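Chemist: Sequence:
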Amino acid sequence: MAHNLPTFQTRAGLEQLLADGAAEGTTLEFKDSRSLQRDEGRIKDLCINVSALANSAGGQIIYGINENKKTNGPIEVDLGVTDPSITRDWISQILNARIKPRLPEYSIEPIPLDGTQLGYVISVPQSLVGPHQAPDHRYYQRLGLEVRAMEDFQIKDIMRRATTPDLYLSLSFLEGNRETLRFPERESRPFNLIANIENRSPQPAFHVVVEIGIDTHFKIVGFGGFTRFESKEQVGNTPLNWIRWEMSAPPGQPVFKEHPRSLNNQSIMLTMSADDISNQEIHDLTVRVLAPGCSRQENWSILARGPILNLHPPHSPHSSQRKSS
0 MAHNLPTFQT RAGLEQLLAD GAAEGTTLEF KDSRSLQRDE GRIKDLCINV SALANSAGGQ
60 IIYGINENKK TNGPIEVDLG VTDPSITRDW ISQILNARIK PRLPEYSIEP IPLDGTQLGY
120 VISVPQSLVG PHQAPDHRYY QRLGLEVRAM EDFQIKDIMR RATTPDLYLS LSFLEGNRET
180 LRFPERESRP FNLIANIENR SPQPAFHVVV EIGIDTHFKI VGFGGFTRFE SKEQVGNTPL
240 NWIRWEMSAP PGQPVFKEHP RSLNNQSIML TMSADDISNQ EIHDLTVRVL APGCSRQENW
300 SILARGPILN LHPPHSPHSS QRKSS
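Residue numbers (numbering that gives the first Met the number 0): 0 to 324.
Hints in this document: simulated from the structure, not taken from any laboratory. Quick caveat, the model's predicted, so the values are computed rather than measured. Every residue, glycine too, gets a C-beta built ideally from N, C-alpha and C. Do not rely on the hints blindly, as some may be mistaken.
Ranges between beta-carbon positions, derived for each pair [as the list claims (entries may be wrong)]:
no.	residue 1	residue 2	range
1	Asn195	Glu39	43 to 53 Å
2	Arg87	Pro201	50 to 60 Å
3	Arg243	Lys99	40 to 50 Å
4	Arg137	Arg227	42 to 52 Å
5	Pro100	Gly175	47 to 57 Å
6	Gly305	Phe205	43 to 53 Å
7	Ile74	Phe205	48 to 58 Å
8	Gly175	Asp275	20 to 30 Å
9	Arg137	Phe205	29 to 39 Å
10	Glu297	Ile74	26 to 36 Å
11	Pro111	Glu150	39 to 49 Å
12	Asp135	Gln92	35 to 45 Å
13	Glu174	Ile74	31 to 41 Å
Derived lysine-lysine pairs resembling DSSO-like cross-links, with alpha carbons at most 30 Å apart [to be verified]:
no.	residue 1	residue 2
14	Lys43	Lys99
15	Lys43	Lys155
16	Lys231	Lys218
17	Lys155	Lys99
From just these sequences and the hints, can you work out the full model?
Modeler: This is the structure in structure tokens:
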């Protein structure tokens, strides 16, 4: 699977996707199975849409879902491609022959929809060797629901991907994205917040600064490889305590694409007072990664349901919400 994009193997999986309210956006597009045909216009459309995902944030095209043409919303899973000559190998041959340069990574997964008829999920990660050209000799990007021809500055920005680091930070608790607080007294037992840094680019990062702002409802009792620094920066009206991690090579090891790296000699250790526990409370975490040629800031959140904490990454429903002051 391309860069941990969702997997779909059955008709029921697609039906559940629609039942959960999935909608098209920058990283997801629905197509009727009739859109896959041995027709030059359809082939051109296939290559434009796949190359646009690679030139943007990556994502998936699902062939096998009818749409409402007025609202662009999905209606139902259809019966699949009727032409038996349209196979995974045929789609792959088209993409390899018509998109220039060839995509370094993608996957095509067939899904049984009705008897022997199949739908297809094409998963494409963001490319670092682009931009990729469609058969009409143009370059495209997907932005929201639209696929647009790229401007000169956008093409140049993609060309820089292969020559600069592309760093991002992931956070987790010891057991994943959920933590249950224990309260032997008014203050909870310390729990772990684990930070890992990864590089999507083949260009290593030789100097990196990572800053994490943590909602002041949490008390930092162990810093791991981080140090505290003073900042009055907030998220909305939420005050944050800020910690920082820095790496330079030499003597530190560069951050390579092939080797995700933990930032914690020991985990960041947090506690929380029982007085601060309330149901459905959202707590903010701001993550900033800085390196030559790379700058990224993302908002994570922790949703507290009583003593149970759920960690939500950027772009999840809770990460875009904010507490009222």
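Chemist: Are the hints correct? Go through all of them and say.
Modeler: Going down the list of hints, with the structure as the test:
For Asn195 and Glu39, the hinted distance range of 43 to 53 Å is satisfied, since their beta carbons lie about 46 Å from each other. Judged by the Cβ atoms, the range 50 to 60 Å given for Arg87 and Pro201 is violated: they are separated by roughly 28 Å. Taken as a hint, the range 40 to 50 Å holds for the pair Arg243 and Lys99, whose Cβ atoms sit roughly 43 Å apart. For Arg137 and Arg227, the Cβ-Cβ distance of about 50 Å falls inside the hinted range of 42 to 52 Å, so the restraint holds.
The hinted range of 47 to 57 Å is not satisfied by Pro100 and Gly175, whose Cβ atoms lie roughly 38 Å apart. For the pair Gly305 and Phe205, the beta carbons lie near 45 Å from each other, so the given range of 43 to 53 Å is met. Checked against the given bound of 48 to 58 Å, the beta carbons of Ile74 and Phe205, roughly 51 Å apart, stay inside it. One distance hint, 20 to 30 Å for the beta-carbon pair Gly175 and Asp275, holds here, with the actual separation near 23 Å.
Between Arg137 and Phe205 the beta carbons are some 36 Å apart, a value that agrees with the proposed interval 29 to 39 Å. Distance hint check for Glu297 and Ile74: the Cβ-Cβ separation is about 34 Å, which falls inside the suggested range of 26 to 36 Å. Look at Pro111 against Glu150: about 41 Å separates their beta carbons, and that is inside 39 to 49 Å. The hinted range of 35 to 45 Å is not satisfied by Asp135 and Gln92, whose Cβ atoms lie roughly 19 Å apart.
In this structure the supplied range 31 to 41 Å holds for Glu174 paired with Ile74, their Cβ-Cβ distance being about 39 Å. Our distance criterion of 30 Å between C-alpha atoms is met by Lys43 and Lys99, whose separation comes to about 13 Å. For the hint linking Lys43 to Lys155, the alpha-carbon distance of about 24 Å falls within 30 Å, and the restraint holds. Restraint check for Lys231 and Lys218: satisfied, since their Cα atoms lie roughly 17 Å apart, inside the 30 Å limit.
Distance check on the hinted pair: Lys155 and Lys99 sit about 16 Å apart at the alpha-carbon level, within 30 Å; holds.
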